[in-house]
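Colleague: Here is how the chains run, residue by residue.
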Amino acid sequence: MSKPIIEVHGISKKFTIGKSRSGDLRNSMTKLFSFSGQKKQDIWALQDINFQLNAGEILGIIGPNGSGKSTLLKILSRITEPTSGHAIMRGKISSLLEVGTGFHPELSGRENIFLNGSILGLQRKDIVANFDEIVDFSGVRKFIDTPVKHYSSGMYVRLAFSVAAYLNPEILLVDEVLSVGDMAFREKSIEKMKQVAKSGKTILFVSHDLETIESMCNKGILIQNGKIESTGKMKTVIRDYTSKTNKSHNEIDSISIKNGFDISAFTINEQENKNQQLIQSGDKMVLAFNYTNSGNHKNLTFRLEIKNRQAFTLFVCNNFLTGNILSESGKTGEAICTIDKTPLNTGNYLISLTVLSNNVVVFQNNKTCIFEVTRGGFYSTGFMPSNEKLFLVDHHWTLK
Amino acid sequence: MPETLIKRTRGLHIRKTISELIEYRELLWMLAWRDFRIKYAQTFLGLIWAVIEPLLMALLLSLVFNKVASASTYGIEPILFGMVGMVSWNYFSNVVSEGNTSLILAQNMIKKIYFPRIIIPLSKTIAALPDLIVTLVFTLVLILFYQPEISANAWMTILFLGLTILAAASLGLWFSALNIRFRDFKHIVPFLIRIGLFITPIGYSTISIDSAYKWLFYLNPMTGIIEGFRWALFGLEFSWPYFYISISVLFFLFVGGFLFFNQMQKNMADII
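These protein sequence lines map, in sequence, to chains A and B.
Counting in the working numbering, the first sequence runs from 2 upward without gaps.
Counting in the working numbering, the second sequence runs from 555 upward without gaps.
It should be emphasised that the hints constitute simulated quantities derived from the structure, not laboratory data.
Among the hints, erroneous ones may be present.
[To be verified] Computed Cβ-Cβ distance ranges for the label pairs, DEER-style:
id, chain 1, residue 1, chain 2, residue 2, range
1, A, S154, B, V622, 51 to 61 Å
2, A, K93, B, N662, 21 to 31 Å
3, A, D210, B, A595, 34 to 44 Å
4, B, V691, A, E188, 52 to 62 Å
5, B, P744, A, N66, 37 to 47 Å
Beta carbons: idealized from backbone N, C-alpha and C, even for Gly.
Construct all of the structure, not just a fragment, from the sequences and the given hints.
Modeller: Here you go:
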């Protein structure tokens, strides 16, 4: 068996705060001659990070801001040294922590391609060989001999990313750079990255964009407070991460009204929903809840509101609307709502449940459950619009 | 397959720095080319500026030292005498002042990508070479015009030009690295360069200076280099023992600058 491409053994990084290390002479002089000294405080940005990656594996690193993800990437790209531990990288490394590093506004697009390329570690002959492709990918051929200071910010970013797209390393370290440019270019650059991933490169990928990271990576690491909190399949790691953040921020079950009516269980697709449930876009979604009607309420109307993260109601499921008269029987029962084809785009959603009897609210729970929609086969092509489009709608096209 | 080991570096790791410098030589040229391009971008006179500044300075210095202070130029036309001194000094002061702020101005790059940091101050020595060549050509024109007597050792000017580049690189390394911790040097260095213009024998010569404190002048490596340059070109009097003082100082500046920079480059991205 061949050796892993990346081996990380016990990498830790300490920063000392409360002591300015770059500053002025007077500061150092006073420190030199005073015995009191400022209080120094050590901050461990990373503690004992261990993992291995084999050839062709794509690792996604996620975690909240300031958790140490970027520091890890900086250590692996040799920008800064670890305080202890070591890592072995087998292969040519390229790191992409920013697009357009070293771009100079006075230079033309053409000149910046060569300059930025050599900063990224490309050989001149490689740039010459790929020059036309780079320019075509960026779509700024018309302005290639214009100084980039006259470019729009979109053109600038497109050109900068295009140079990076033609790096040809065995190991690629990427930080948040896919979130640049307009929507169309973003999709294009994500596609490009996926191509690179398919070609057998080993990639480390840091991002906040969970959707992209999930679609690209097969292995994941969750870093919190400088430590690895979860590792394994990307999907599982993302679920760990979202359930953790949801637990702390979104207490489920905030019942505001309970009047002789209660819900004992709520399931989505026959699964108890306590934390977060994954549903694929376009899949059948069965929302069911067991109730006890101790107040013997008549003429029940069930209303499920589906809200997005910003608590904006997207749509409502109401048996009054559909004309499904539910003739209640006895003190307990199960109400089931079926959505044949989930029309939601990827993201997190919230369900609130209201039960009315003769137009009087007898039960209301504003946070009945949270679920997450992931990429799925809503359209038989498997394509999805970008995730700020809220809904997916069945439709078809013809030419006449 | 290249294998990279990432760990905290201890010791001097001089060999690593040198082998990386060779590996990244293309970047060294690209950065130098960028600086050169930008310096004359959107200027009307372009490279002619490389002559105007040293020429005016040479005129001014020969006016001050030769006409006002009546320092001897030993039979050489004062303007030519001053210009020969300015060739080295102009290059030296350009590289040192550009090198001084080079790392600070490149801090975004330093924080975002890895490359041997030493490339940044070193690229300034290359970026200023076209200017040096232009001033040399102009000096040659002056020589052809005034027809002074040329020494048989004229080929040795190459040696002194080489020493000029070495001196500029050494101080560039020192000041750029010092700036990482002490931004004071941003203010100190321009001041030092202005002083250097007077304590370096550009418009005058150290030949007639009292030997009691002549050695003080030679603590400045540029003194030995410029006097040597004029010795090689015109065969003016030149005392080798004094020159060795300059060379020793230069040697320590170079070795010290290289080691100091090496030490500072380890965690440059964290403290810049």
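Colleague: Please list, smallest to largest, the hint numbers that this structure does not respect.
Modeller: Hints that this structure does not satisfy do not exist here, as all of them hold.
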